[in-house]
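Enquirer: One-letter residues, chain by chain:
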Amino acid sequence: MSANWDAFFSAATLIAMVASGIRLAVPLLLAALGETYGQRSGVLNLGVDGIMLLGAFAGYWTVLETGDVWLGLAAGMIIGIVLGVASAVISVTLKAEQGISGIGVYLFGLGMSDLLFQRLVGTPTPITKFPKLDIPGLSDIPWIGEMFFQHSLVVYLAFAAVPISMFVINKTTFGMNIRAVGENPEAADSLGVSVSNTRYATVTIGGTLAGVAGAALAIDLGIFQQNLTNGQGFIAIALVYFGAWRPLGVMAGALLYGMVNALVLQFKTLGIIPNTWSDIAAMAPAIITILALVIVARRFRAPAALTKPFTRGT
Amino acid sequence: MNRNTWIWIGVAAAVVLVIVLIAVASGGDDEETTAGDTTTTVTEEVEETTTTAGEETTTTAGEATTTTAGEETTTTAAAETFSIAIVAPSASNDLAFTQSIVDAITLIQGERGNIDVQITDGTFVVEDAAAAIRAYADEGVDLVIAHGSQYGGSLQEIAPDFPDTSFAWGTAADTFGLPNVFAYEAASDEGGYVMGTIGGQLTESGIIGIVGPVEVGDAKLYVDGYQLGAEAEGANVLVSYTGSFSDVALASENASAFAAQNADVMSGTAQMVVGAITVANDEGILWFGTQANQTSLAPSIVVASQVYHWEVVMNEIIDLVQTGTLGGNVYEINLENTGLVIEYNPDFPLPDEVRAAADATIADVIAGNVVTRVEG
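Protein sequence lines, in the order shown, are assigned to chains H and V.
Letter by letter, the first sequence follows residues 12 to 325 of the working numbering.
Letter by letter, the second sequence follows residues 1101 to 1476 of the working numbering.
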């Protein structure tokens, strides 16, 4: 066992583990940040995973056809925008029960992405992945450079979206409208803030980031398969609660989930966790996230109007 | 623009997207569809929905009923046709588990003719699979193949309700004592062992990584067999089960973890390994496939694949069903009965002596001279 632990504490293993944790966190971070906008304005979109799947397929197929990874990412984004608007129509205009309608969007994305894959591609075919972008200067720092600064551009963009989201939500008029609409839509409405316009914008931002998250996942893996996300969209929704509806908290949650996954993976690879325990170990990230969620949920409360459709005068 | 304009733009965009997606999905390789031919189109749509499955639990029953209606026409048209239905967890062309059975039945269909095949793939949700199995039995299909060890519990409940229908279940070694259930399994440890010895000879770092899904069934057999074979050649084998048959991202990260440990040979089983293969390809790590020939995924690094030829046992099962025996037997595909075949990548420069050693190992495995299975 000690030899295994020695291998674990080697530079190669620790660097690989942190880099792996970051890669695993990126799709979750993007999708959860998007969902944060929607939830802060009072809309719960359970269809994130479905949007991610269609974004993933759109990204994959575009790269397969054109060989251009950035065009692929753009395709995922466009699908995300369209499905975001569609989700907004369902939950804001049609005032559908958000829990149920989101599941509908998820099932649509799950089935349609697979159907399109079967009809347009068929057999899994590898595609070009994102090129690695070493940050000049920083990527040469021993250990730290390899862990944090030798990723693809998408990874840096995902983490850059965190301070941007913090700024948008906390420091701009649009952000103030989002928070007002999520806490007390009647009051916001009486002050002239359009509840539905604000919610349309946030749900569309959520859809866009979910589409990008899916495309980023598929292009990072270089492959597409049925149900590629394997439920990551639902984990992203849980991470919004985990992060107490704050971008920084969401990032912490995504990183925790990714890191625990990577840690368990290394433990299994090195035989520190015996294979007979691997099924239980596979649950560790979810269990740790749920435990943290329970602790967080006791300290923070959800936006008061979350899941409640707004009708003027009620 | 006022709010309503935006809403209508949103509605229009969503409607257009849905129409485009459906149009694209129902287009493609449909050679039979003719404009204005309503009947053909409807039938095809039904078939497509069933084939992709995994979409909506709630509508499965409805789909099945519609399928029955659509298929009755076919059955009536060809009275003597033997009908087979396959229910499988992943896509028909997953280059792995599901493809192995679909390829086998397609081959049999080509050889025998007069066989009607229906497929419901992508039923990774067991309840969906159960609904499909029951629907096919209800429809009067002669042989329903439940291709997934996870479907056992459902089959145990469904099979007694349809005593005149034959069910084949795999990979498994248990017929539940039911007279209308066959079980089939793969001795995947045998090919695993042979390829393990090849990997053990090819590795330069002496470290080999194997990505497994869940430690059950033919996945465990394969991983154990490969490990024993590689260790017989003195390699240090790292094994990791991701805990999922479908988590491509975890399989990919698992392969990266092996790469960090200097592994220069890898293998793995289940449909999620496509994620590991792309990483192996990037890192120039050799790959051994199983279940289906995986050479097309990474032609420069795949050395060989153990390919399942279920037709060996399925032909026997069909013969029995046609003569009135609906179940009770357990079958195994292995190297000896050529249900398992090692297919080499013709473009990989495998040294002649390694190939010769592999052939000798195959003979040893068939003769029972080596232990390929971990007991317990």
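Since the hints were derived computationally from the structure, they do not count as laboratory data.
Being a predicted model, the structure only gives us computed values, none of them experimental.
Wrong hints could be hidden among the right ones.
As the list claims (entries may be wrong) - Pair by pair, the computed Cβ-Cβ distance ranges are:
hint : chain 1 : residue 1 : chain 2 : residue 2 : range
1    : V       : Arg1473   : H       : Lys319    : 55 to 65 angstroms
2    : H       : Ala297    : V       : Val1316   : 17 to 27 angstroms
3    : V       : Gly1277   : H       : Leu259    : 20 to 30 angstroms
4    : V       : Asn1336   : H       : Leu149    : 32 to 42 angstroms
5    : H       : Leu149    : V       : Ser1305   : 22 to 32 angstroms
6    : V       : Val1316   : H       : Gly242    : 16 to 26 angstroms
7    : V       : Pro1260   : H       : Arg310    : 48 to 58 angstroms
Cβ coordinates follow ideal geometry from the N, Cα and C atoms, glycine included.
Enquirer: Hints broken by the structure, by number, lowest first?
Expert: 3
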